[in-house]
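*Asks:* Each chain, written out:
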Amino acid sequence: MHQVGRALILVVAAFWISGGAASAQEPSDPPVVSEEDITVRGRVIDNLGRPIRKATVTVEGTFDEATTDKDGFFEILAPLNATLIVSTDRAGVALATVTGPVLDEIVLMLDLATEEITISERAPIVAPGAATLDRDELQRLPGTGGDVVRALTAMPGVVNVQIPLGYSGVVIRGASPQDSKVLVDGFEIPILFHPFGFRAIVATEAVKGLTFIPGGYEVAYGRSSSGIVLIETRPGSDNRTTQAEVSLIDGGLVAQGPLGKKTRYMFALRRSFIDFILPLVIPEEADLSLTTVPQYWDQQLRIDHEINSKWDFTASTIGTTDKFELYTTKDEDAGAKRFFTQTRFMRVTAAAKYHEGPWSAQLALSGMLSDANAEIGLYQKLKVKTRLLTPRVSVARTEEKAFGLKNVVWTAGTEAQIGHSTTDLAIPLERREGEAFPPYDPKDTSSRFKGSVWFPDYAAWTSLAADFDERVRVTTGLRADYFSRPGELVIQPRSELQIKLTPKTLTARFNGGFYSRPPEFQSEFLQKEVKSERSQQLTMGLEYMPVMGVRIQGSTYYTYRTALITHNEDGSLGNSGRGESKGFELLAMATTGTWFGWLGYSYSNSSRIDGPGAKPRLFDYDQPHSLNAALSWKKGHWQLGGRFQLYSGLPSTPVIGAEFDSDRNLHIPTPGDINSDRAPIHHQLDIRIDYTWKWGPAVLLAFLDVQNVYLDRSIVTYFYSYDYTQKSAFESLPLIPSVGLRGVF
Amino acid sequence: MLVGCGADIDPQWQLDHDRIIAIRATPPRITTGEESEIDALLGRIGEPPIEAEPTTAMVISPTSLAGSLMQRPTGWFVTAPGPMQLAAARTELGLAADEAVPLRIRVTFPASDEGINTGLKIVWLGEHSDNPVLDPVTIDGMVRTSTDAIVVAPAVDVRLSVPFDESYVVNWLTSAGNMHDFDLANAYLRVEPEDPQSGMLGVVVRDPLGGVAWRLWPISAQ
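If you're matching them up, the sequences are chains A and B in order. 1 is the number of the first residue of the first sequence in this note's numbering; add one for each residue after it. 1 is the number of the first residue of the second sequence in this note's numbering; add one for each residue after it.
The hints are simulated quantities; they were obtained by calculation from the structure and are not laboratory data. Keep in mind that a hint or two might mislead.
[Stated by the list, open to error] Computed list of chain B residues with no C-beta within reach of chain A, every gap over 12 Å:
1) Asp8
2) Gly43
3) Arg72
4) Ala96
5) Leu134
[Said to hold, decoys possible] Coverage of chain A stretches by chain B, computed from C-beta distances (three or more under 8 Å per stretch; other residues unrestricted):
6) 325-334
7) 384-392
Fair warning: this is a prediction, and the values are worked out from it, not measured in the lab. Glycine included, each C-beta is placed from N, C-alpha and C at the ideal position.
Chain B on its own, in the form it takes in the complex (with noise of 0.2 Å):
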């Protein structure tokens, strides 16, 4: 006998969701006297997603360099400390001496039912990298190089692609219509006759190295 799964839960793709979507540092990955400042896309339900910065912000590990995390009126940052407070954090973590040391951040959000919504994110202290770049973005055949409104046609097969290998970790997001292959570099909309005929599409990137990148469209089927 087999079993089956209910009905009543919300796919992973649904942006009508209060949650996180990503947590981003920009740039994820910094080296001494580098900044990185810390914000996030969040789902909300009946309303559009919306970047914003985190309420609260503190460091879990290493505790050492719980002074590298600091907030500004303008957000929430995070300074990368000099070589003997990352040595120090290598020796706390048992790390080479070489590695990256991983800044683990936990922030906070406010949820849309007047909860909290909590998130985790690392920042790498001692080497640099950049967040990828999402371009070009192809929708429907056509490269999105905007976020101007797309119309698409109802009950057809939207084509949706990025060009990132198997080591990225693409998310495929839409509160209209049904995404297929929501988690693969190329997938497909359709929103048929009873799906929501507007919302959002969007497109949640994380590269190997724990940058993120987003892009959002308002979409309709017409």
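For reference, chain A alone in the conformation it holds in the complex (with noise of 0.2 Å):
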């Protein structure tokens, strides 16, 4: 299996490694640049026709450059046919040639990047620690590939590796991957990542923005006990564009724009180039035939339709495949060699949206279709179709004084999660977290189920919130859910206090809760005596805004694990585990002109007792330190990063002995202390290079995103020989380039 494994990481090597997807045609010869500067006159405006303040206008090949007024005004001197090159540092970049003294107006992209061009004050954050990020932010981050998934793992109290963790990618505040939420548009997703190239299954460009709420969230959000990530899509603009871009992984397609005066779409399609790229690359000796070469679809579709001045109709999908098989040998008869994984899910969803003087409402309904399939050898398989409804209904209703309180916001909601699952599996005892890793055994299948299983869950939530003076705000709110598999009722009261320690730059957030989620985790949903998991949260916050575009965060947190499922003696599950979290986070961030800057650190202890007499131990996600630090500049044609990551290594478990099983041809090994070794602090610098320029009617960005420039050595785990007496380490590919071209048309 290591041949395989050494063949993989080539191949995989070799794929990332390998020269540039796309190349774009040069422009055309420049026009001939007269040698006497006149006085321009210009104006940039957007797509709407309103004037762009700010905005930085230079004179191609020079250091000239002036900065529009608040009318989108500018004068600069430039030579007769100089390229003027407009951008501001969140919005794309356009062109033009100085045809005289003065300009027709300028008309920025602004779909290239996002349609919010002025530096403005950030948006209060939902709960002490959170963070927003939107499209270009995610896409200057360097050292992500301008990928969701990578993007989170800056973070302050997000899990820093590699490769994505579990089902979600995330390990938040020292919690397992799948005690964390992530929703798409409101509305959760069975999967994150691709599980072949570990990419997130949304593009950046297809997403307006993602928020980071690490806990303390309000009472809307459920079915969590950790964190939640919301992900949102991004609407059609009012200006009918089309992107495509390529890189060393895959290629898509983004199309958007106006249906008529009221409705505006966005359709996003991205295919994976694996299997295009894969079959060069696989060295002729290796002993792995590739039947069905990895590869990977993404779709996601959006319509916004204004039915009226009160309501607002919002329809999407959103879904991905992945298919992958291979065959460990050239030998295609071989069934033990063989193995297959199959995952595909679509969730389609209807919203709508009313507002109306104090009153706001959302209906929704939202349906998915997933469907997971893997056969491993001879005996092994997992079959699980999944089919979930979920109605949604929320009011808010918001006055400005009420009984003796100012801006007072009551919200109510319920829904229902319906779901029916059909599995066929015959497996391993699957591992838990904390528990050793089991030798790998062809023909183990003590996990047995056929059948079907219906789990409808319900939920309902209210809150208040009020201002008791200008510098007091008191949110509370409760939440009841009802998961019907294990008949059990969860009340989650949650509050917050905020206090205005300076009027406008500093405040200060106490938020503590209670939080549950549902067993439906793997095989936990089988056992109908399998309870929920729960937790309870206290989070303090303070939030620095010393000057518009800055923000200087700090938090620190408890949680409290109790009823975490883990292995009985007899390999059914129970819920005796419990565990604590704790630690602080720090997140700087600073927006201002063609600066972009990060600044997150996280301290975090997380441990667990895994029933009772057991001794306390590390997570199997422990990480005390990381650090995230970056800077992204941004002007002209060019846009230059750096991102520098420091984080401690994760807990492993170490092997002390073990013992031959002959009749099952495997080495049964005796795991040491739980999680008492740990991989060393890894520490890597990441740069992204990014070039916008015109050509044609098109504008058109290449990338280049470099992980790991000076080649830190990354140990990301240890394993073992088959007979355990051999240790070696899974290490990180030291250098990870990535290139791609974007274009707007």
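From these two lone chains plus the hints, build me the complex, please.
*Replies:* Listed below in structure tokens is the structure:
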């Protein structure tokens, strides 16, 4: 199997490191530039004709630059026929030719990045420690390849490792991946990244923004005992555009625009290129037959329609499919060496939003079909088909003054999640968090189930928020979840106190609440007696916004976990585990002029006790230190950025001996103290270079994103030989370049 | 980002490695009054594998049948007990009346580094079966009925084959060259110039009933 592993690594390394995915034609010869400067006056506007202030106008090839005033006007000295580069820090770039002293209006093609073009005060965060990144910021973070999953690792409170963890790809504040939820447009998705290539299933170009809430979130969010990641798809713009992007990993298309006066659409489609490249780079001597080369498709469709002045309607779909089949031999008849996996899901959502006066409401209906299919060798299989239907209603009423209080907001909502799963599985006993890794036995099918399960869950919530005076705001709410499979009603009160220590710049927040997640991970839902996992979260935070575009926030938290699902001695599941996580986080963000800065640090300690009388142990993904510092500069055609990462290695369990089971032909390891080893600290520097230029009617952007430029050796974890007498390290690839090209037409 | 694995780990087909390769009970299933002898194939660093009897052996379960295992001057033996004892053992293990009783035995062997290698073996009581027969074994196009030394050409694929279906577990092992598809009935060996040019070639076959058989040949590339 190691030969196969090495072969795959060679393949993937070659895949990542191989040359560019696409080349752009050179622009046509530039016009002859006059050597005499003239004073040129022009105006910069957006698609809707609105003036853009603080846009930078640069004469190409010089350091001369001007800035637009509040009406979008500028003056600059430039020779005739020179090219002017017009840019803002958060929007795209437009080029104009100097044809005389007065130019036509220059329209910035905002769709290249974001519709928000002026630097504005950042919106208040939704909970202490939370952060929001818009699409432009997601794409500016170096070392992420512009990918949502990788961008999440820069968030303080998220465990940073080289590969996504669990289905959601994120470990937040010392909680298992399944304890957090990823919501796209408000609804859960079953998987956030592709298992081969580790790319997010949502292209960043199809995303409006990402909000990361590590804990302490409001009662409208549930079914999670840790954090929430909110991804909002991009609504179509008023201007019809098409974007195409290719990279070494995949290629995609985003089309958007108006459909009549009141309707806008956005459609995104992406396909992997792995299946085209992989067969070309697999070494001839590798014992491998790729009968279905790894491939994935992603799609998003969103339609926004303004029904009238009170009602807006949004319909959206998100879906993905992954397929992969290989034989770890050149013999395609050797069923014992076959590995097949196919996962796919499609979620369709229709939502209507109402707003009139103090009232607002949302009605939504969302359905999802998902299908996971895996077959390993001759004996092991996992086939799960799940159908979910989620109706949701929420209302809110806002009063400027009521009962002697100010800015009173009352919300209430209810939802059902009606699920049905058809399962056929024959697999080894699943490994739970904190358990030693069992030896691989291709004949082990000790977990078997065939049948269907209904799991309708219901929830209702209400909250009230009000200013007690100009400095103090209190929010309190209650959420009730009924998980019908275990027959369990869970009441979760949550409250927050906000105190403005200075009128506009410094705010303190104290947050406490109860949270739970239903037993739905892996085979948890197959056993009716397994209850939900619970957590109690306490968070205290400070937010400081000294100037527009700058935010500094710090938070400290303590989470106590109970009813954690662990294996009983007979192999069944129970709720005997408990644990605690504590730590603090610091995040500073600045978007000023041409600069974008990011500094995040988190300290965390997370431990578990697996049952009565058990010793405390470290959590599998305990990561005490994680530092992320990024700086990006954007001007004219160029954007340059760097990111430094430093983080603790993850714990692992040493093996102190093994016994050979001759009939099963495998060695059974004897684990040492759970998670008593740890991989070394890793640090790396990533760089990103973007270059934007105009080519005919299109604006093109090429990027190079290189991770770990100074080749620091990165040990992810350790593994053992088949008989556990030899130990070696899983190391990340030393240097990971990613190149791509994007065009807006 | 993807991760890679280190190259300093011996593959499972490497014979030049200190370990228990297989434990054999002859026969693997016995009826009342029959005897089964236990021995093993041991891999050693820098030396050819050897067949050896356990240094120690003890019954793990069912404990009521601990007396079925005994050491004699010629090795360790299991004697299948009478129907009454088997019935009691079935009750102890929660087995049906006609099921064979698995007698789990822990055995130890000396390791090269003066340590101990420990292994587990099941001898099935209450029904009879024999170890599989390794015949024919085809190596480099020739049926090998003996264990005479084999000479193969370097840097070519040397085909290895035994006639067993996928319900059998086949392991091809070598200390010369690189083994490909070592766990399939049809494998191939390739001895590159940088590999050890001589050593041992072996095949171990396990059947679905607990039977095991092996054969070894000296091999060199010329």
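*Asks:* All the hints need checking, so say for each whether the structure fits it.
*Replies:* Structure-based check of all given hints:
For Asp8 of chain B, the condition that its CB be more than 12 Å from all CB atoms of chain A is violated, with the nearest at approximately 6 Å. Look at Gly43 of chain B: its CB is around 10 Å from the nearest CB on chain A, not clear of 12 Å, so calling it non-interface is violated. No Cβ of chain A comes within 12 Å of the Cβ of Arg72 of chain B; the nearest lies about 21 Å off, and the non-interface call holds. For Ala96 of chain B, the requirement that its beta carbon stay farther than 12 Å from each beta carbon of chain A is met, with the minimum near 19 Å.
Listed as outside the interface, Leu134 of chain B is consistent with that label: its C-beta sits roughly 16 Å from the nearest C-beta of chain A, beyond the 12 Å cut-off. As drawn, the segment 325-334 of chain A meets chain B at 4 residues by the rule of a beta-carbon pair under 8 Å; at three or more, the given contact holds. Only residues whose C-beta sits within less than 8 Å of a C-beta in chain B count toward coverage, and the segment 384-392 of chain A has 0 of them, not enough to reach three; the restraint is violated.
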